[in-house]
Amino acid sequence: MRYSGFQVIKQALTGHKGWKPVWRDPAPKSHYDIVIIGGGGHGLATAHYLAKVYGQRRVAVVEKGWIGGGNVGRNTTIIRSNYLLDGNEHFYEFSLKLWEGLERDLNYNAMISQRGVLNLYHSDGQRDAYIRRGNAMILNGADAELLDADQVRKEHPYLNFDDARFPIKGGLAQRRGGTARHDAVAWGFARSADSHGVDIIQNCEVTGLRIENGKCLGVETSKGFIGADKVGCAVAGSSGRVMGMAGLRLPIESHVLQAFVSEGLKPVLPSVITYGAGHFYVSQSDKGGLVFGGDLDGYNSYAQRGNLPVVEDVCEGGMSLMPIIGRARLLRMWGGVMDMSMDGSPIIDRTPVDGLYFNGGWCYGGFKATPASGHCFAHLLARDAPHPVATAYRLDRFRTGRMIDEKGVGNQPNLH
Amino acid sequence: MHDLVAITALGGTEPRMDTVAGVTCSEVPDVALASVAARMGQENNVIKALEALIETPVPDVGQSAGAVICAFWAGPDQWMIEAPQDSHEGIATQVKSAVGNAASVTEQTDGWTRFDLSGPNLTAVLELLSSLDLRKATTGSVTRSSIHHIGCFVLFRTPELFSIYGPRSSAGSLHHAILTAMRSAL
Amino acid sequence: MTQTNRLSGGQIDRNTTLNFRFDNHSYTAHPGDTLASALLANDVRLIGRSFKYHRPRGLLTAGSEEPNGIVELRTGSRKEPNTRATTAEIFDGLEAHSQNRWPNLKFDALAVNDLFSNFLSAGFYYKTFMWPAAFWEKLYEPIIRRAAGLGSLSMEADPDEYDKGFRHCDLLIIGAGPAGLMAALTAGRAGADVILADEDFTPGGRLNSETYALGDHSAPAWAAQAVAELTSMPNVRLMTRTTVIGAFDHGIYGAVERTGDHLPTLPAGKPRQILWRIYSQKALLCAGATERPIAFENNDRPGIMMASALRTYANRFAVIAAPRVAVFTNNDDGHRTAVDLHAKGIKVAAVIDVRDDAPSSYDYEVLKGAQVVDTKGRHGLTFVEVAMPGGETRTLECGALGVSGGWNPNVHLTCHQRGRPIWNEALAAFVPGADLPVGLTVAGAANGVMSTYGALQSGAEGAAKALDLTSALPDLPDAEDAPVTQTPFWYVQGCKRAWLDQQNDVTVKDVKLSYQEGFRSVEHLKRYTTLGMATDQGKTSNIGGLAIMAEVAGKSIPETGTTIFRPPYTPVPIATFAGRMKGQEFHPTRLTPSHHWAKERGAVFVEVGNWLRAQWFPLPDETHWRQSVDREVRQTRASVGVCDCTTLGKIDVQGTDAAAFLNRIYANGFAKLAVGKTRYGLMLREDGIVMDDGTAARLADDHFVVTTTTANAVSVYRHMEFTRQCLFPDMDVQLISTTDVWAQYAVAGPNSRKLLQKIVDPEFDISNEAFPFMACGNITVCQGLRARLFRISFSGELAYEIAVPSRYGDALMRRLMDMGEEFDVVPYGTEALGVMRIEKGHAAGNELNGTTTALNLGMAKMVSKKKDGIGSTLSERAALNEPDALALVGIKPLEPEKKVTAGGHLMNIDGPVDTAHDQGYVTSAVYSPILNSSIGLGLMKNGHARMGERMRLVSPLTDLTIEVEIVSAHFVDPKGERLRA
Amino acid sequence: MIIDHPMLGPRDASEFTYLGDASLIDRPDWQADDAAEAFYEYGYLRDNPAGEHQELWYHEAGDRSWLVVTRNTLTHEISKVELARDVARARGRSK
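From first to last, the protein sequence lines stand for chains S, C, B and X.
In terms of the numbering used here, the first sequence opens at residue 52 and continues consecutively.
In terms of the numbering used here, the second sequence opens at residue 345 and continues consecutively.
In terms of the numbering used here, the third sequence opens at residue 464 and continues consecutively.
In terms of the numbering used here, the fourth sequence opens at residue 22 and continues consecutively.
Treat each hint with caution, since some may be false.
[Stated by the list, open to error] One-sided excerpt, in silico: chain X residues whose CB lies under 8 Å from chain C: (1) Glu36; (2) Ala82; (3) Ser86.
Note that these hints are calculated values from the structure, not bench results.
No experiment lies behind these values; they were computed from the predicted model shown.
Just so it is clear, CB atoms sit at the ideal spot from N, CA and C, and this is done for glycine as well.
Extracted from the complex, chain S is given alone in its bound form:
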């Protein structure tokens, strides 16, 4: 069924009886050309592009729980392409362009809102780094704008300019950046993939990978064995666990990242803002909640929850940057498990196991990457060659020394 304003009105007048399930609930077939492990944003996007762009018809997505229940449903919904290094920048810019056309592509309103992303700087060194980054963005075809302190004050007069321990010297703005309704992204990709014949199999946990003499033949699941010519793993957060079934060690650690939302407030923030002198970034949802986050808790964890010190650290940053939020109340806190890679950049590549493909290591860049990740992983699965914008995301880059280290902190995942 096609969605439209007209459809909404028609259904309203006929008692909403015509609305159908947004995706089917099929039983798994015995064999597929391609099986995607993971019904999160990346897995569902991969299925959508495999079916719609790469013409694959026999595709299944197997999900342990309910689709969209992982990181795509527990992030701070920011989309942007303000990266420094080529290996990243042209990939994320490709992603942002996909975002810009996504709602028409999916016929689903994911409430993509290009309200702008502003990264503040507080020192000359930070400014120089942002100039280099802004230039890299522009040279890669993205948009970037350098603001001085007065321009920032004009756009965001409520920030702390007068009593700041680390005064705001300016910011790097990407006007095309913004936010999207995270759940809707998962549902939209699922709906489209399903409409193109992809089987989305929920409550189907992968318990093993059937590998015979170096070739992956399919997945053992709680609903039985499902054969596949190719298996793609898109389970960021649990990559270690799933790839472990193939006996692979990864350049990845799992870490918990907390996020927070405040009670609903009348509009306060026009755009997404990132503090340069503390661990704090924030935007305001269309429902009025301030959605914010900060740094990792810092220790390996699969627990999907964090602890008080980081909650406090984030709120200290928030109060230092914008003391107007002091009397707004934090409504809910939650944690997501991040695939933190050894250089802070993702991996989309074949594995040493024939027929087994890997997509992971997204750190906390995963949500904004969703469309491009799906597109590039679909390309890899369909064509057996990396997509041109994802050539840097090789699994063996650490052995050869081709790290893509935006932050320059080296092989310590919790610092990325």
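Starting from the structure of chain S, add chains C, B and X where the hints point.
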């Protein structure tokens, strides 16, 4: 004798003193400090030498001991030696001659600022500053912890007197934190 | 006429009358009131508007689970949006306003949404607003965003202060109702360290709201007596107005104490709230239970409340919502409300009980097997329509309707570590599961023990069990002990609009539509319909939604899912989590010993990490910073300048293996460094990337002083401790930081030696012969002050660094200035320092950016292959050693007045300008007053082989393209003659 | 979280700085033939278990000891805390 004038960590020529509701926070600048760290395999010799120096058994983990010259535990096989500045300007030299090659000694006198809190109800102040379990704080105990993100030593001298050592460069922030807690708690 | 709805009795102080304002009308109240009870007392029933349809909203509950009665409390910079009237303590002069309405509460323009509600069904926005593309951004979204939210911020900085504190205990008891009080008495009498926390300002929980007796006391009196005994125990700390908001790892609980919210104004220096981190050996959850509603047609009108809330308002606050009330229930507890209200002389129109076998009453009519099918009243309830078993309907006049669908144990904290509650058939409710946070147990109604006696008993037993008490349990008072079973009744069939989530306007229909469209898991349900996402987090609504989803799915509730909760238990001001760490106190400030002197000189300061450093020293006649910096550079290079470099990290490295240790830590060798000499040290991370650089001075065979960059002082020290303890545990080496011990100054320039010779005591010969480049040693200055002297140079001039005990830093700086007058000495700041190091080609922070190798920086030779230096192996990886690897170069504009921009990219002189043809970038750029030109350092592909090449420097971001020449990074004195002079 | 320091007793984890898997103690031999491969695996590959994990914590705001903490990454339960120096020696590291 040189003619340079010393200033305190808070920048004055006289130590600062503040009182809130009967509790006094005083800056104590006239302390000489040196760190002692046992050389590999020399732990027992150091302990013997220090005992002679402070004239009492060397403090155990998390403890302090001594009268004029006081030692407190700073880390595994590591102690801080504390003495009055005017009588022990050369504390590091003195300690080094006492322990010889059994330990590494480092001048620490100017690395730290000390604030003494005295008066009743000090725990009400301290529970706003550090996560220490004050039920375990007994006379003579020493803990290294952080106060408002500043790494400090807290020495419990008596229930009504304790000393906080913090890095000299952060004296202003530490002093502000302590006074704020006093005004809030008392 | 005020407080028309006030009854006799209650726990309020009628001797004092307080004034308050709501929506600019003045009312009176008494101490002991909440804003909610005070509004009811004054017959104010309409308090707010719902989120989506802007339906009129009154009070639903009398506690922190309230979804409807939320207001903007206080005014000006202290305005608090979305404040629950049910927990806001009244104080004299309190001012509150309704929210989410325009132009006013009674006539709200957006109430029009209600007429179109049929078109605004759950998730409608996902299905439309997509065409044309631009319209979402420009039209639809702005409209949606403007309608967003409930309350509004003041847009001013919060002027109040907040504290954080830490407390430890053997047993933390959460909630001071019958179970909590009894647990505290048991533990307290046994001598344990107890913290008893309760969110209310009067401990007692439900006991404050009930009329039954405990022993020979009334319920509130028994509670008061227990509180008195607990207060007298030194080992028990009773924390009222304190909400335990979260259960975190290893027995740590977050608790928010509202120390100032009940006061008109805060005393000087006192916090509004305190965030306590409570470290507990054991914790006992006695959080009680929350009554749940029944959904029926138009069940959201002001005046329709929870039955227990009606009871609380009447018994505790002596307030009745209306002179005629009715009760709609599926359980016996609902009848208790009717009994209590009747006893207070309130007209009970009827008790409508869905059960055919409901208990009868002589005092009022009980309609058995009946259901409420509709209600009337635009801004408040006037009539309810009841469907009788026979099918006929009756209309009852009443201004308030008490609804009871049974009780849900407050399991919230048991879920905070992702534990799942389990379904209890007898109670038809979720009770705590097995996987509780370690150390936490549950007692009383929170654990499904619903009778008062049962609560007292399980509280006592819970405390005894948690503390392994062997002593006999204390005697318990006689109390009601009625067995409680609940037959679920979630909603009245056939209704068109029956509310579940009253704040977010989620109805029974929305849940059914959610199922119809395939959103069938609890997670999908709440995300698709926004059920339970409002400020009350679904405390009263989640279970109903889940039950209806189960029904339409034809499954049991436990099969369908569970409702789990996340911290915080109730919303917490963001400022409370920040405490004092905001504004200037966000991070500690580190000052150098000569900071005060620099301030006197009018220095401009800059934050470097937590340090404040002098950036430059403007003279009165200088209007632009460049004038000051250029002068400082020229004067230093012409004669002598002094710079405070105290902030550099200093680490004392001692031990018989000290030299061997440095050999591991640094890429270059230190074993053969002679005593009295200093050497530059290049430090790699294990991955072969440059981590930091500095110098190591050998003061004795077994004693080095190592310096680090200001930025990396902490991480380098940590790295050295790791290397010492974890990698080479048998090395005899000891480390300690001495950064704060010494005030250190760079004295640079051709006259630096002459100046130093005026203060260094004569017995120390610092002539070029006796104290050559890279020499170091202990000396004394100014007749006997111990000091350290290092002959090292960052500026490229003849230069020294001199260190004295910090307390004398200020005095030494002043002395150097006096003594230096004859040389026209100049103090210089970090800007001039930066200019001179770039002129000299020294790599610093901008070059050591965490991605550069020794090769990139032109120091490949320094990486010794003859020893086991950290990082040397991985630095040999192929991609890090390709022929066109980036190399450090100098950059000079062809036209000197053109500005080199740090962050600009280098492109070949012709050819395309894009990333594919990127040749490198500028890391640092300054204006050199010596070369009278803007200059820069940069990293360029194969740079060292491209000296003299002309390149384009492009910075589209700053709209700049200039031609530059690639030159040696050493602009000044490339042979290093000056520093050896 | 609370880390039960073997010398100091229970201390809030916020006093510590986390590094990562305790396998970082097992630094390869720089002179071995497979040194390059060994250092790559040492530096970059992790078991990243969902369960018991031996990891390195540094008592930065305390006594500057490095600790090896055995912690469950699913529950955060800590079952063992040792001085890293002792562990390193037990694993055969010396100078």
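Evaluated hints:
Satisfaction of the interface hint for glutamate 36/X is found here, the shortest Cβ-Cβ separation to chain C being roughly 6 Å, below the 8 Å cut-off. Look at alanine 82/X: its Cβ gets to within about 4 Å of chain C, closer than 8 Å, so that hint holds up. Because the smallest distance between the Cβ of serine 86/X and any Cβ of chain C comes to about 6 Å, under 8 Å, the interface hint for this residue holds.
The structure is consistent with each of the numbered hints, conforming to all of them.
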